[in-house]
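Visitor: Spelled out, the chains give:
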Amino acid sequence: MTRRLPVAAAVLALVLGACTTGSSNEVEVFSWWTAGGEADGLEAMLDVFGEEYPDYEFVNAAVAGGAGTEARAQLATRLSQDDPPSSWQGHAGQELIGTYVAADQIESLNFLYDEEEWRDVMPEGLIDLISEDGEIYSVPVNIHRANVMWFIPENLEGWGVEAPTTWEEFLTVAEELDSQGVTPLAMGFQWTSMHLFETILLGSLGADAYNALWDGSGDWSSAEVADAIATFDAVLDYTNEDASTIEWDAAAQLVVDGDAAFQIMGDWAEGYLKSKELDPETGFGWAPAPGTDGMFQFLSDSFVLPKDAKNRDGAVAWLKVAGSQAGQDAFNPVKGSIPARSDGDRSLYDAYLTSAMDDWAADTVVGSLTHGVVANDAWKAEIDTALGLFLSDRDPDAFQTALAEACTAEGACS
Amino acid sequence: MTWVRTHWIPLAMLAPSVVAVGIFVYGFIGWSARVSVSDWQGLLPDYTFVGLDNFAELMTDRRFTEFDVINTVVFTTFFVLGTVGLGLLLAILLDRHVPGEGIFRSIFLFPLAISLIVTGVAWRWLMNPATDGRTSGLNLLFDSFGLDALINAWYTTDPPWGIAFVALPAVWQMSGFTMALFLGGLRAIPEELKEAARADGASELSVYRFIILPLLRPALLSALIILGHLSLKVFDLIVALTGRNLELDVPAIYMWTTTFDANNFARGAAIGILLLLSVAVLVIPYLVWSLRRETEL
Numbered sequence: 000m001t002r003r004l005p006v007a008a009a010v011l012a013l014v015l016g017a018c019t020t021g022s023s024n025e026v027e028v029f030s031w032w033t034a035g036g037e038a039d040g041l042e043a044m045l046d047v048f049g050e051e052y053p054d055y056e057f058v059n060a061a062v063a064g065g066a067g068t069e070a071r072a073q074l075a076t077r078l079s080q081d082d083p084p085s086s087w088q089g090h091a092g093q094e095l096i097g098t099y100v101a102a103d104q105i106e107s108l109n110f111l112y113d114e115e116e117w118r119d120v121m122p123e124g125l126i127d128l129i130s131e132d133g134e135i136y137s138v139p140v141n142i143h144r145a146n147v148m149w150f151i152p153e154n155l156e157g158w159g160v161e162a163p164t165t166w167e168e169f170l171t172v173a174e175e176l177d178s179q180g181v182t183p184l185a186m187g188f189q190w191t192s193m194h195l196f197e198t199i200l201l202g203s204l205g206a207d208a209y210n211a212l213w214d215g216s217g218d219w220s221s222a223e224v225a226d227a228i229a230t231f232d233a234v235l236d237y238t239n240e241d242a243s244t245i246e247w248d249a250a251a252q253l254v255v256d257g258d259a260a261f262q263i264m265g266d267w268a269e270g271y272l273k274s275k276e277l278d279p280e281t282g283f284g285w286a287p288a289p290g291t292d293g294m295f296q297f298l299s300d301s302f303v304l305p306k307d308a309k310n311r312d313g314a315v316a317w318l319k320v321a322g323s324q325a326g327q328d329a330f331n332p333v334k335g336s337i338p339a340r341s342d343g344d345r346s347l348y349d350a351y352l353t354s355a356m357d358d359w360a361a362d363t364v365v366g367s368l369t370h371g372v373v374a375n376d377a378w379k380a381e382i383d384t385a386l387g388l389f390l391s392d393r394d395p396d397a398f399q400t401a402l403a404e405a406c407t408a409e410g411a412c413s
Numbered sequence: 000m001t002w003v004r005t006h007w008i009p010l011a012m013l014a015p016s017v018v019a020v021g022i023f024v025y026g027f028i029g030w031s032a033r034v035s036v037s038d039w040q041g042l043l044p045d046y047t048f049v050g051l052d053n054f055a056e057l058m059t060d061r062r063f064t065e066f067d068v069i070n071t072v073v074f075t076t077f078f079v080l081g082t083v084g085l086g087l088l089l090a091i092l093l094d095r096h097v098p099g100e101g102i103f104r105s106i107f108l109f110p111l112a113i114s115l116i117v118t119g120v121a122w123r124w125l126m127n128p129a130t131d132g133r134t135s136g137l138n139l140l141f142d143s144f145g146l147d148a149l150i151n152a153w154y155t156t157d158p159p160w161g162i163a164f165v166a167l168p169a170v171w172q173m174s175g176f177t178m179a180l181f182l183g184g185l186r187a188i189p190e191e192l193k194e195a196a197r198a199d200g201a202s203e204l205s206v207y208r209f210i211i212l213p214l215l216r217p218a219l220l221s222a223l224i225i226l227g228h229l230s231l232k233v234f235d236l237i238v239a240l241t242g243r244n245l246e247l248d249v250p251a252i253y254m255w256t257t258t259f260d261a262n263n264f265a266r267g268a269a270i271g272i273l274l275l276l277s278v279a280v281l282v283i284p285y286l287v288w289s290l291r292r293e294t295e296l
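In order, the protein sequence lines correspond to chains A and B.
Residue numbering for the first sequence follows numbering that gives the first Met the number 0, beginning at 0 and increasing consecutively.
Residue numbering for the second sequence follows numbering that gives the first Met the number 0, beginning at 0 and increasing consecutively.
The shape of chain B in the complex, shown without the other chains:
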């Protein structure tokens, strides 16, 4: 009791956000889980318990299994690899103490400030697949430089590769962020380590291979977690690019349409829970890892 009396101010300060997070995050997760095992279709809630029927239905739903899941895997692969690769490259280049580093850093970070909807609309113009007299955007650029081999259908390419082109604007937007992460990591590596390796006769390539990259592992892990969960939630970029086109469908879009267009709240909640689980698979190991590190330090 004395503990409460002496600590009542921090407790009171914390209480509102603990209560709010408890209700609005965990409360609603619980409620979604409840709806996902219900038979709620239509505006009126129907909490009849149907077990895992909604999930079983999704497993045989071609839209979910043949498009949503595959698109998510393809998108995540291209998006994460592209963003990490490009971000790392930019960070290494900037770490060479180029003149005007601050300007470049800002330029690479700027796309992060743009809403994904705006990115989507701008890239819809850039990646226009029209041919013949109506060629425009990047295809027109390729055409005028004689790079006709590069002209392609972009995100209207047949599945499952169309979604890979959707990753392009996302990589453009997020690679500045990973650059900042990696640059922070690079700057934290003591110069003495690199000097020691060089003194031992290591080539510049070996310095990166054996000293720098291993030391960037924490930054890499953070980047993978953040990018991974972003790509599982992708929604606005695709809607801005192509409306609702089944070939580029992802779970988040299916969740929205089935819930609000078809009033199938049960199925929508089931998709939501599956999304949550897939994000959890990524985030929970990371949380465990970082908590353990904190206690070690």
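One chain only, chain A, in its complex shape:
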């Protein structure tokens, strides 16, 4: 027996040795960019990283799954085992702050913003929304706009209607479309209802009152919120009856096919419309969601610096690339989003994206609920449940009460 012991120890050492991967120059970046423009964009950004930091070895730890649901569950497992990647992707704002800052997992990046002078090139509204108590916790790589209404100009002409600019106008237009047998608004799974609701809240309350709802200074029980809910209720009557059975892209297809007139969706819808051989402006048109002209409701993918990062220097190098003009201009044209920086090279972006860049620089910046900017996950989940109940019973008073309770229980009102 004693003779066998060293052999067993050697085998064990081999097995354990194989488990602990990685040399010191590896930078392991965790994301959910595994397909399409996102994966290609990541590759393009990697090229920039490879050129600027040839000494580091990049390890792509991407996990597939829509909007990162599966990836985040896996990341939670790794964090609980004290095995964080060098950096990971998260929706900028409260989703990230409520999860990782609350758990003391990530470092403040103020030093990097000072060093790289990013505050000069990123809008103040953005910095506010992705900070907590003056500390900035992530580097936004891209910006998507949530409050966009998509349509096919040719179809609108055929039906004799114009893109509405207020929700009141929308309801008039919707009545007209309905009488012609056209679905006014294309919707999909339940999350697209939350997406619609946040744009109606914004359009109905305006930017300041909307922001106030999320920082705790606003009143969820107010008459203004009741009005927004009433509008939401009215608009829901003009959506496709199979909404709860299709994803957002199938809903976009209804607009392309002329079965529906409008879709309110984030500007990733542009990529879908372009894949249908439609050109911006001539083939498809867009406008801010009704009532939200001059407001840019954003969401952003960003990267963080874990506390006690493996290879901290490598992680910081990655963040520098993610926040750099070169990195963002490599990633965004391919993914179909705009850079968080205001100094992107406009010649790289198409007609829609350049118009979004103009708005990003000029508009009031507010954050999206559905995509993790303004509310943490717990709060958002409560709102999602309240919304689901409302979609089922359509009781506006109960919905408003539930929203107010959610703010007290999980949100900023507590």
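These are calculated hints, taken from the structure and not from any lab test.
Built from N, CA and C at the ideal position, the CB exists for glycine as well.
Heads up, some of the hints might be wrong.
Here chain B is said to cover these stretches of chain A; the calculated rule only asks that three of the stretch's residues, wherever they fall, bring their Cβ under 8 Å from a Cβ of chain B [to be verified]:
| no. | segment |
| --- | --- |
| 1 | 69-77 |
| 2 | 145-153 |
| 3 | 203-217 |
| 4 | 242-248 |
Let chain A serve as the given structure and place chain B on it in line with the hints.
Guide: Only chain B this time, still in chain A's reference frame:
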């Protein structure tokens, strides 16, 4: 000690799986139970003991009481009755020694080999509720045969009946399995019993009523247990059909979203424990019954 020495090989063979099951099944059940009485919200574990607060919260949670529980009851009823009924019918038909029995048996069993996700996606197309120019799937089929009365909203029907339509693909998928169970049971019934009954002047219907069905009771019980616990765990089929739509919410989906989307591990564990208890209510009597039978035999 001598017993250990003579039996050390089987003991050594058993040990790894006993240890693995002990840790990964019973260990984690215990851990979930611990989390379910804790205050763990967020990524960092918080084992503060809060008693049954999480369970009490669920009892007043409209999502849990008005949707999850009711949906589970409706789904289980339709799924179990449908699968047992259809499986029994298929088994009785096949038991008549039809030509090509082997082929039919395989065809009825094939759906079992398909992942529920795939079933869900395929039935999402079949049960498309769109109307007017966009009618498709089964509704289009009904329409072209002039069976307009059958056109319906399928699983977008108002609660609580929408979930009953979700049972449809599940019945389609699992009835081959119950057919196999019942067919095994039918084939085990000695021909002499049936012959004796017929000789005594029993009609074919009475033979089924008084001879065959009573003798199928063990197969029926196994089917009820297996289907019952499957329906309590239903998750993937619904997610594939409709994403996360509260009207079709079930405890397993609520458990997933509250745990991984909202980081409310305590509530997730509480739902998990309730699911475990409801499965236990089904399975434990069955285990007791079958253990007792084994000792009797």
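Visitor: Under a C-beta cut-off of less than 8 Å, do 3 or more residues of the segment 145-153 of chain A approach chain B closely enough to confirm the stated coverage?
Guide: This one is violated; 0 residues, fewer than the three required, reach chain B with a Cβ under 8 Å.
Visitor: Establish whether the coverage given for the segment 242-248 of chain A by chain B is satisfied; the threshold is a Cβ-Cβ distance below 8 Å, and no fewer than three residues must meet it.
Guide: Three-residue rule met by the segment 242-248 of chain A, so holds; n is 3.
Visitor: Does the segment 69-77 of chain A contain three or more residues whose Cβ lies closer than 8 Å to a Cβ of chain B?
Guide: holds (count 3)
Visitor: Taking beta carbons only, do three or more residues of the segment 203-217 of chain A come closer than 8 Å to chain B?
Guide: Violated - the segment 203-217 of chain A has 0 residues with a Cβ nearer than 8 Å to chain B, which falls short of three.
Checked against the numbered hints given earlier, the structure breaks hints 2 and 3 and satisfies all the rest.
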